[in-house]
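The listed protein sequences derive, respectively, from chains A and B. The first sequence begins at 1 in my numbering and counts up by one. The second sequence begins at 1 in my numbering and counts up by one.
Treat the hints loosely; a few may be bogus.
Which copy? The list can't say, so a pair holds if one copy fits it or any two copies do.
Claimed, not checked - Taking lysine-lysine pairs in the BS3-like style, the calculated list, with each CA pair at most 25 Å apart, reads:
1) Lys364 - Lys23
2) Lys174 - Lys203
3) Lys94 - Lys360
4) Lys10 - Lys265
5) Lys22 - Lys286
6) Lys174 - Lys58
7) Lys239 - Lys265
8) Lys23 - Lys174
9) Lys200 - Lys23
10) Lys339 - Lys360
11) Lys239 - Lys87
12) Lys203 - Lys164
13) Lys23 - Lys265
14) Lys286 - Lys23
15) Lys94 - Lys203
Just so you know, these hints were derived from the structure itself, not from any lab.
Protein chains: 2
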Amino acid sequence: MALINSQFLKVFNDDIQDRIDKKINRFRAIHRDAPLIALDSGDVSLPLSPGVTEAMVKAMAEMTGEATFKGRGPMEGYPFLIDAIVKYNFQTYKVRIDPDEVFINHGTKEDLVGFGDILHRDNRIATIDPVSQDYIAANVISNRAGVLNESGQWSHIIYLECPKENDFMPEFPKLRPDVIYLSYPNNPTGCVMPRQVMEKWVKYAIDNEVLILFDATYKSFVTDPSVPQTIYEIKGAKKVAIEFRSFSKNAGFTGLHCGYTIIPKDITGYSFSADKSANLNALWRKRLGIKNYTPSYIIQRGAETLFSPEGLAWIRENINYYLGNAAILRRALGEAGLKYWGGVNSPYLWVESPYGSSWKMFDKMLEECNILCSPGERFGPRGRGFVRFSSLANQSRVMMAATRIAEMKI
Amino acid sequence: MALINSQFLKVFNDDIQDRIDKKINRFRAIHRDAPLIALDSGDVSLPLSPGVTEAMVKAMAEMTGEATFKGRGPMEGYPFLIDAIVKYNFQTYKVRIDPDEVFINHGTKEDLVGFGDILHRDNRIATIDPVSQDYIAANVISNRAGVLNESGQWSHIIYLECPKENDFMPEFPKLRPDVIYLSYPNNPTGCVMPRQVMEKWVKYAIDNEVLILFDATYKSFVTDPSVPQTIYEIKGAKKVAIEFRSFSKNAGFTGLHCGYTIIPKDITGYSFSADKSANLNALWRKRLGIKNYTPSYIIQRGAETLFSPEGLAWIRENINYYLGNAAILRRALGEAGLKYWGGVNSPYLWVESPYGSSWKMFDKMLEECNILCSPGERFGPRGRGFVRFSSLANQSRVMMAATRIAEMKI
């Protein structure tokens, strides 16, 4: 019988999802027709821009003509999209990224989770905490996480403490890691990393030869000028940081799947067995050739239009809509006397449970307000005592939810 | 410094591609304007069906309406596509596949290469040979391949001999493997596996508890009724075989990226550390949740139309066109007195070099006929002495090539 990777037998949050599902089912059984407002999802509600679909329809017409048909595209993505990214998302901020440092993908998660492929199993991984459990799971299945201890943490992972008193900014670890996951604007806390904090982390990474995997999925939500638009605004970051970005949240691409990864050519890793260092950009290109596909020509043409004046204006509109939702929720949470973070440069609000337990808060939201939120445990053990609200839902639903929250009795 | 997976430093065929590129560049430098006919690519030339794009345009219109917008889809794929696959590609052949045994993906390679994620590193892998070197590379990077020996084979991989005298059908290995890669219609040999041979292999897999990873990318090219349309036509195959399929070659989806994998729920693997067996279907679902995205709603709607009467007729037309190309090439190769296999139930023709060396044949094709073919070494050391021709090119180009081949002097 084929031997399986036993790491897959370990539990990744399934128990938490089961518990949520059970609670919802129980609620539904009693309140069959109660209109439940889902503020638990990271999925977006605004549709695609007509400009995007227009470009995609045009690209599709090309695909039906024999002379204009496109089969396999370049494995790193089409130059028209890469060039637009370089120009609008980096040159605008006086950051130089070369086209061969950009890799188009199906979204942040694909590459953030897949990045472990080119890293040795023995790297010591650190992550901010709370954090998307996909990063943890990716390291569990590649046997980099050690064993799960009673507190719900993995023995080989360094969890960076992010105290609420400090707006959930991570503290430097006692033990030097090889790789650090950072994610700002953060999911779930909604906090951003100010320039001077980011400078400290880049310096730490340079001084300690640490690789930063920087998840910038939500960077379009940043309106605060003191927060960098890319980690590469920080001097030296191109030596240590890989940045993961996406069109999912700012342009409604959650269902189209298009994002990209920046791997600067300056970053090297070390091979023990060969006793030499190697370029991560080149290794990733090798992996792409073996493992991956890029999104179709059609979708890349759709993404390209996001960099036109209309596209950029439309993204701004989208972001304003969601940040408007966040402002509505902030006001309501304040009126209810709840303590929260985020919702300013981020679509997420991280709310402290006044009862201590996130599950009690989850139950109260469900039963009294008919609102679905995410219990903090979904983002690891340090999420305990918090719940996450998403403002990516439809505005009329968010307003309805806000009214209920503002009127609830804590 | 982060430690890299040193397996990536090993060479995967790069030297062969370099050698091909150098030869082409040299040719181009001398014969600047000679019209080179590329018969080396597995990429298709026929455009998308208007029916496919019509469905995709309709789906795109849904994506711009707030009420009809689709964000993230189900991670296994949309039921409308899964149900069509179950009905038309399996029920038609009296094979029962449940909808939850189908996983929509971005194409065969994604899952065939990614499948190793859920398998233990210590599995002994066997593969037919010659074969797509992506399968080998996938096992090299996950450290399952051992060391590369002088003959170009990896020490831990069992290479199944496929003698030309036996139409490249594989022989049973001396050592029992845990996992076997089979691929029919085969790339590169163009040979198919007749029913009775497939029965022998399924029996071997059941008797020896071996997992078969069956690459059926080219199954639509099968016109011979003695060749099964799916491995699940063979009794017992649902206990041992995973089948990988694609819309790339039969429907022009090489640039859209859509395929699917069948993982029957009966198949289990064994966990050493947990001392128990586990269901591969469930493990794969877990992996999907952590690692992957499915193709967009738009592309899945496009794929769905391939199962309409028009879609099925159109696929038949496509296949006939490419098989027509193959027949043209067969005739020309015969006239030139060359020995070849394939090109009947497959788009590929595998031609024995009359000079012994594939490179000499490659040079002759390039310089005398201005035709680009693939030297057999691209498919592993046992490809030596052969070249591959693809009939997936445009018909007028194929006819031009055929005239040149028929007139060449061996």
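Now for the hints, and whether the structure bears them out:
In this assembly of identical chains, Lys364 and Lys23 lie within 25 Å of each other by CA distance solely inside one copy; the values are 11 Å within and 71 Å between copies. Proximity of Lys174 and Lys203 under a CA criterion of 25 Å is satisfied intra-copy only: 16 Å inside one chain copy versus 57 Å between copies. For a Cα distance limit of 25 Å, the shortest separation of Lys94 from Lys360 qualifies neither inside one copy, at 48 Å, nor across copies, at 52 Å. In this assembly of identical chains, Lys10 and Lys265 lie within 25 Å of each other by CA distance solely across copies; the values are 20 Å between and 36 Å within a copy.
In this assembly of identical chains, Lys22 and Lys286 lie within 25 Å of each other by CA distance solely across copies; the values are 20 Å between and 44 Å within a copy. Neither within a single protomer nor between protomers do Lys174 and Lys58 lie at most 25 Å apart by alpha-carbon distance, with minima of 55 Å and 56 Å respectively. In the homo-oligomer, the alpha carbons of Lys239 and Lys265 lie at most 25 Å apart inside one protomer (8 Å), although the nearest pairing across protomers, at 47 Å, exceeds that limit. In this assembly of identical chains, the alpha carbons of Lys23 and Lys174 never lie at most 25 Å apart, being 39 Å within a copy and 55 Å across copies at closest.
For the identical chains of this complex, Lys200 and Lys23 are neighbours neither inside a copy (43 Å) nor across copies (51 Å), given an alpha-carbon limit of 25 Å. Taking CA atoms no more than 25 Å apart as the test, Lys339 paired with Lys360 passes inside one copy only; the shortest distance there is 16 Å, against 75 Å between copies. In this assembly of identical chains, Lys239 and Lys87 lie within 25 Å of each other by CA distance solely inside one copy; the values are 21 Å within and 53 Å between copies. Within a single copy, Lys203 and Lys164 get their C-alpha atoms as close as 23 Å, which meets the 25 Å cut-off; across copies the closest is 61 Å, which misses it.
In this homomeric assembly, Lys23 and Lys265 never come within 25 Å of each other (Cα to Cα): the closest approach is 49 Å inside a single copy and 29 Å across copies. Proximity of Lys286 and Lys23 under a CA criterion of 25 Å is satisfied inter-copy only: 22 Å between copies versus 46 Å inside one chain copy. In this homomeric assembly, Lys94 and Lys203 come within 25 Å of each other (Cα to Cα) only inside a single copy, at 20 Å, whereas the closest approach across copies is 64 Å.
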